[in-house]
Amino acid sequence: MSKYLLDKFLFTVDRDPDLVERYREDPAGTVAWWEEEMANRLLGCHSGEASTWLAFSDDERRALVGHDHVTLFRMGAHPFLTLTLFIAMFERDHGPLEYQRAYGAALSDLSLPYPDIAT
Amino acid sequence: MATVAAVVASTHHPFYYRASTSTAADRPPFADEWVAKIERFRDTLAAAQPDVLVMVGSDHFHQLWLDNMPQFLVGKAPFYDGNFYNEEREFGLPRMTLKGQEDLSTHILRNGIDAGFDLAFSNELRIDHSITCPIITLRPEADLPIVPVYTNIFAPPMPRPERFVELGRTLRALVESWPSDLRVAIVGTGHLSLELGGPRQFGPHGPDPEFDAKAVEWIATGDVEGCLREVTLDSLHTPGNATHGFMDFMLMMGAAGDGVAADHVDSLDLFHTMEAYFTWYPKDSELAP
Chain A
1 MSKYLLDKFL FTVDRDPDLV ERYREDPAGT VAWWEEEMAN RLLGCHSGEA
51 STWLAFSDDE RRALVGHDHV TLFRMGAHPF LTLTLFIAMF ERDHGPLEYQ
101 RAYGAALSDL SLPYPDIAT
Chain B
120 MATVAAVVAS THHPFYYRAS TSTAADRPPF ADEWVAKIER FRDTLAAAQP
170 DVLVMVGSDH FHQLWLDNMP QFLVGKAPFY DGNFYNEERE FGLPRMTLKG
220 QEDLSTHILR NGIDAGFDLA FSNELRIDHS ITCPIITLRP EADLPIVPVY
270 TNIFAPPMPR PERFVELGRT LRALVESWPS DLRVAIVGTG HLSLELGGPR
320 QFGPHGPDPE FDAKAVEWIA TGDVEGCLRE VTLDSLHTPG NATHGFMDFM
370 LMMGAAGDGV AADHVDSLDL FHTMEAYFTW YPKDSELAP
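Just so you know, the sequences run in chain order A and B.
Read in our numbering, the first sequence has 84 at position 84, and its numbers run on one by one without any break.
When you read off a place in the second sequence, starting at 1, and then add 119, the result is the number in our numbering.
Check before you lean on any hint, since a few could be wrong.
Claimed, not checked - Computed Cβ-Cβ distance ranges for the label pairs, DEER-style: (1) 58/A - 336/B: 45 to 55 Å; (2) 58/A - 222/B: 46 to 56 Å; (3) 142/B - 101/A: 49 to 59 Å; (4) 66/A - 281/B: 36 to 46 Å.
Stated by the list, open to error - If you want a taste of the chain A side facing chain B, the calculated C-beta under 7 Å gives, among others: (5) 11; (6) 82; (7) 88; (8) 89; (9) 108; (10) 110; (11) 119.
Unchecked claim - Covered stretches of chain A (chain B as the covering partner; in silico rule of three or more C-beta atoms under 8 Å from a C-beta of chain B): (12) 13-26; (13) 38-49; (14) 67-79.
It is worth saying that the hints were derived from the structure and are not from the lab.
Bear in mind the structure is a predicted one, so any value in this text is a computation, not a measurement.
Each residue gets a CB set at the ideal place from its N, CA and C atoms; glycine is no exception.
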């Protein structure tokens, strides 16, 4: 399991307006493309340089494809990254703060200590 | 040597800009009270007549990332652009460009490293809302040169709270040893209890009002010792999963001085998180009561 790679997905999609829309409209296609093309790309480095070893587990891939923020939280994905990206994708479909409150309510089964987010 | 004109500690609420500039039906009911408190707070900085601002904040995974994450970083650049696409998108924050005070950056880096902090540096740093929000609230003219100081309150493993306090003490000493006639305000922003992306987010108050009351008291009275007795990296998970931002307030307590009470204390109980504002003037300042 790679919390780092989940975070890298959330981080790189959140910072790219086109990718935010692609992930909203076509999560399965976007996650498959991203894992193939982006997962191993070294950010802030010579273009074309890539790592050789990063891949999602089946559970991680499924959580991302399912836009499943509850499972991502349980897996220890960084909650700030998940929240920011999911607000960008879904707040528009709801009234003021309605999405943020529902997002929190969906996590109401969680109690302290929360899953560890250390990478 | 340079003068510490004031030490200023604040929350950095990214919703303030939109709340304070919205009108008619878009204007939230708490906006007028919020603006009034911010304007009083802003006056406390203006009264100190600073020439330069040392700005303590924390990048929110904008430029700094997990493949190369510094614990403490000082900007050294002639200019700093401000705010990122996703902050415009979510908070409506404006783009801005601030001048840098490079010679103070050089002084803080060289002497900070020599004082035992292996500070990272950046020659091209884009500052995010942890620094642009206090510019908007405290110095909307955005006319003073800055030295940005970033801390890691976001990505474990983080430095312990004691280290933040110590960096605050060191920063103040570094400003006081800067060979310059300028007046420097040290301005830093953090959080009280805060939950982001968890079950307690966006409640009617901050997630832990009891913690917030204690925190305001520690800061207002300069009770570094009492604060350090209760606050640890582990304990900060309890008031809310983003409460490690409180360590930037602890840094500012270190800069203000152990046992030194703030000259201006204010707070505002908002939904989601409590706002809090503090200003300290130097003992010999005519602004100090």
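Ascending list of hint numbers which this structure does not respect: 3, 8
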